[in-house]
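K.L.:
Sequence:
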Amino acid sequence: MEKDQKLQVLNKKEASRRGLSRREMVQRLVSGVGAGIAGLGSPLVAASHPIHRHLADDSTLSKADAKVAAADWAPEFLDAHQNETLIVLAERIVPGSTRAQVNRFIDLLVSVDTAESQQKFINALSSMDGESLSRFGHPFKALAEAQQNEVLTTASTAERGKSEEEKD
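Start counting at 1 in the sequence shown, then tack on 149, and there's your number in this note's numbering.
If you are wondering where the hints come from, they were derived from the structure by calculation, not from laboratory data.
A few of these clues could be false.
Simulated pairs of lysine to aspartate or glutamate, DMTMM-like, Cα-Cα distance not exceeding 20 angstroms [as the list claims (entries may be wrong)]:
1) Lys-269 with Glu-280
2) Lys-290 with Glu-240
3) Lys-290 with Glu-280
4) Lys-290 with Asp-207
5) Lys-269 with Glu-233
6) Lys-269 with Glu-308
7) Lys-212 with Glu-225
8) Lys-290 with Asp-278
9) Lys-216 with Asp-228
10) Lys-269 with Glu-225
11) Lys-212 with Asp-262
12) Lys-216 with Asp-262
13) Lys-216 with Glu-233
14) Lys-290 with Glu-233
Distance ranges between label pairs, derived from CB positions [claimed, not checked]:
15) Ala-220 with Leu-282: 14 to 22 angstroms
16) His-287 with Ile-242: 13 to 21 angstroms
17) Ala-220 with Arg-284: 32 to 40 angstroms
18) His-287 with Ser-211: 35 to 43 angstroms
Predicted model, so just to flag it, every value in this text is computed and none were measured.
Glycine residues also receive a C-beta, built at the ideal position from the N, C-alpha and C atoms.
Work out the full structure: start from the sequences and follow the hints.
P.N.:
As structure tokens, then:
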């Protein structure tokens, strides 16, 4: 971090009085993550990430806010099935995600990420469908809540890259 940059401390009274915009929240979150990474001796990691330059540019953020809020919004990176899967998956993990339009934010972030990270993200979504199809014959988004919970439990407890059946 440069010497003339200061970390801003979020004053709880100020934030609750005026509220934080999505832009301010994202900028503060990224600044905090960047500061944490810099503290680990790796100051170039945060600055070198593709999203960093987008978050530093007010005009880019304004365009992004407008895109995410648009009534005719369409994913920039995900296809329709992936987007629907993400909506259901996010809602199961963090209730209220659908109302907050988390899928739109994630799609926007992934759209400017590296090709490697994009592929990992798609692989993770696909693995949820793969496990769902294997167990129940339907994609994740079409499963009943209990079945989705079962798939999520498997995903959170299985060895990385292996389904529950492959562990044994």
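K.L.:
Which numbered hints are broken by the structure, listed smallest first?
P.N.:
4, 15
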